[in-house]
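Chemist: Sequence:
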Amino acid sequence: MEAKVRKGHREACLIPEGSINISNSERLKRKFMGVVHEGFDRIILDFKNVDNIDSVGAGKILFFNSILQKKDGRLIITNINSDEVKKAFDLIELSNAVKIKE
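In the UniProt record's numbering, the protein residues as written are 1 to 102.
Treat the hints with care, as some may be off.
[Stated by the list, open to error] Simulated crosslink set (EDC-like; lysine to aspartate or glutamate; CA at most 20 Å straight-line): (1) K7 - D72; (2) K99 - D46; (3) K71 - E11; (4) K101 - D83; (5) K29 - D46; (6) K86 - D54; (7) K29 - D51; (8) K60 - D72; (9) K4 - D41; (10) K101 - E84; (11) K99 - E11.
[What the hints assert, rightly or not] Per label pair, the in silico range of CB-to-CB distance: (12) M33 - T78: 14 to 22 Å; (13) D54 - N79: 15 to 23 Å; (14) E11 - L62: 16 to 24 Å; (15) K87 - G39: 31 to 39 Å; (16) R30 - D54: 13 to 21 Å.
Hints listed in this document are in silico derivations from the structure and should not be mistaken for laboratory results.
Every residue, glycine too, gets a C-beta built ideally from N, C-alpha and C.
Put together the whole structure using the sequences plus the hints.
Modeler: Written out as structure tokens, the structure reads:
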């Protein structure tokens with residue numbers, strides 16, 4: 001799993017690719033924490049290239065959301081194209097905690 005980062009004025013966009021799972025979710029966390037430490041309080045996770053996510057990956061998303069909430073920030077997930085990712089998010093009702101934009 002690789003993740004590109006695009007930065008704006010107050011907003012950063014992380015674009016992970018492939019699967020987000022137990023073996024690689026720490027890489028995404030490092031990228032996320034890097035942009036948070038740079039002062040970004042609005043972060044978009046663009047899932048256009050994510051094909052799968054396991055429970056550990058979903059847990060990281062919830063962790064990211066809690067970090068930003070403590071900073072009065074916002075996490076938004078966009079472009080969920082994978083049915084597997086949609087199923088995983090529906091199963092844990094992630095949309096109740098995190099803003100998801102289609």
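Chemist: Take the hints in turn and mark each one as holding or not.
Modeler: Hints, verified against the model:
no.	hint	verdict
1	K7 - D72	19 Å, holds
2	K99 - D46	12 Å, holds
3	K71 - E11	14 Å, holds
4	K101 - D83	15 Å, holds
5	K29 - D46	15 Å, holds
6	K86 - D54	11 Å, holds
7	K29 - D51	18 Å, holds
8	K60 - D72	18 Å, holds
9	K4 - D41	18 Å, holds
10	K101 - E84	17 Å, holds
11	K99 - E11	15 Å, holds
12	M33 - T78: 14 to 22 Å	20 Å, holds
13	D54 - N79: 15 to 23 Å	19 Å, holds
14	E11 - L62: 16 to 24 Å	20 Å, holds
15	K87 - G39: 31 to 39 Å	35 Å, holds
16	R30 - D54: 13 to 21 Å	18 Å, holds
This entry satisfies every hint, going by the numbered hints stated previously.
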